[in-house]
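Taken in order, these protein sequences are the chains called X and F. If you're matching positions, the first sequence starts at 1 in the working numbering and goes up one per residue. If you're matching positions, the second sequence starts at 133 in the working numbering and goes up one per residue.
One or more of the hints may lead you astray.
[Claimed, not checked] For each label pair, taking beta carbons as the anchor points, the in silico distance ranges come out as:
1. F:E364 to X:E130: 39 to 47 Å
2. X:N76 to F:R357: 45 to 53 Å
3. X:L126 to F:A134: 25 to 33 Å
4. X:E55 to F:A134: 28 to 36 Å
5. F:S369 to X:V47: 36 to 44 Å
6. X:E128 to F:K424: 25 to 33 Å
7. F:E257 to X:D7: 52 to 60 Å
8. X:V3 to F:P230: 26 to 34 Å
9. F:S422 to X:N76: 14 to 22 Å
Since the hints were made in silico from the structure, they are not lab data. Built from N, CA and C at the ideal position, the CB exists for glycine as well.
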Amino acid sequence: MKVFPDDLLYSREHVWVRVEGDLATMGITDYAQEKLGEVLSVELPEVDTEVERDEPFGAVESSKGSVELISPLTGNVLNVNEDLIDDIGIVNSDPHDTGWMIVVEMNDLDELDDLLDARGYHDFVLQETEGD
Amino acid sequence: MAAWRLLPFASFSAPKNMAIDEAVFRTVQRRGGPPTLRLYGWFSPAVSVGYFQNAAAEIDLAACRKRGVTLVRRPTGGRAVYHDDDLTYAVAAPESDPLFPPTIAGTYLAISCCLVRGLEMIGLEASLASGSGEEPRPVRVGEERQRIPATGGTRSLPAPSCFAVPSLHELLVGGRKICGSAQLRSRGAFLQQGSLLMTFDPEKTATLIKSGDDSPLVGSELLRRRVTSVYEHLPRSVSRDDVCRALLAAFQEMWTVSLTPGVLTAEEEEWVDRLLATRYGQERWNREGSGKRFF
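In isolation and in its complexed conformation, chain X is listed as follows (with noise of 0.2 Å):
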């Protein structure tokens, strides 16, 4: 079983987020990316858009089929990675880290409380594997 890192925020929809005052980086989990297989293209929302709570924010293509990018939180679009314009291999090869998609000024900090630590997002995933 993969380990997820512990300063990070999980959401049921395989997304992570990393709080730094009201600003919240947020990408795909290590799960998700395994269970998509290659990522072939990302959509991503501009900067200076808004992003909600439960609404995707974006989408991701690979080789066996798409999935919404669902946000955890809502806020303003501060910064998108475009990294991924040049590799977006790094979206499977270094999830948590440089392969992180966006970052929003939240508007509403209570929104994180309905989030997952690194413990319950690991039994979450095992939870959802077991169903394989």
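Based on these hints, arrange chain F on the given structure of chain X.
Frame of chain X, contents of chain F only:
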């Protein structure tokens, strides 16, 4: 026995077909709408591109216009498909439905096995592709589940045309692709769309959908070698209705579900109108999509 809704075969315009599929999917996703199987055709010829595809680079848009072929962007990913005489299906269901393993590949397999059985009922022996991205290598239904092979480090699908290369668990007849499928998953639901070729015109397909660096002539030759259709193997006395009936019987038999004919709900009709106004009825959307992609 689980109850599924059947949206029986009907033909619509390309934009409306995509709007209906997405509306049904969104209703399953957001409102717990009924799992749905839809069979449909196309009022007039169309090319559908995958959600992420660059239509300007991969489709000859001038040739489409000249031949009266509509361009539409699918909600699902994958490569371009020329729709003329094909039988298209859409399945929208919760990921938690016990019929489907909770993986993309598992869902493909569950649906493909029904399609194989349906084709068998009309006298066509189909097999499942191993998804190597190379020349088709058939795998018989019932064989051990396939491992997905490494793709060699490329970061793009191998050809703009869906039918040029079979993906994992797609259908082959005589080692040639006969049905292409694509899947979208989001918030606990999935939509899978697929196109079963009743006839196939490699020249026209290669004229409309570019073949990478190859000329349309080379592209059509490649498609001729790799693609087949129902009527290449069966007489015309087997009608489209016969194929629809066989597929429906196969879905019911393989999944032990009851398929109840239904119609779109009022909420879904509203979704269709909204999606036509904002997406599929808009030339720019179909050509460019959201325009926010990283390749």
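Outcome of the hint check:
1. F:E364 to X:E130: 39 to 47 Å: holds, 44 Å
2. X:N76 to F:R357: 45 to 53 Å: Given about 52 Å between the Cβ atoms, the range holds.
3. X:L126 to F:A134: 25 to 33 Å: holds, 27 Å
4. X:E55 to F:A134: 28 to 36 Å: holds, 29 Å
5. F:S369 to X:V47: 36 to 44 Å: Hint violated: Cβ distance 60 Å, outside 36 to 44 Å.
6. X:E128 to F:K424: 25 to 33 Å: Holds - the Cβ-Cβ distance for E128 of chain X and K424 of chain F, about 29 Å, lies within 25 to 33 Å.
7. F:E257 to X:D7: 52 to 60 Å: holds, 55 Å
8. X:V3 to F:P230: 26 to 34 Å: holds, 31 Å
9. F:S422 to X:N76: 14 to 22 Å: holds, 18 Å
Violation of the numbered hints given earlier is confined to hint 5; every other hint is satisfied by the structure.
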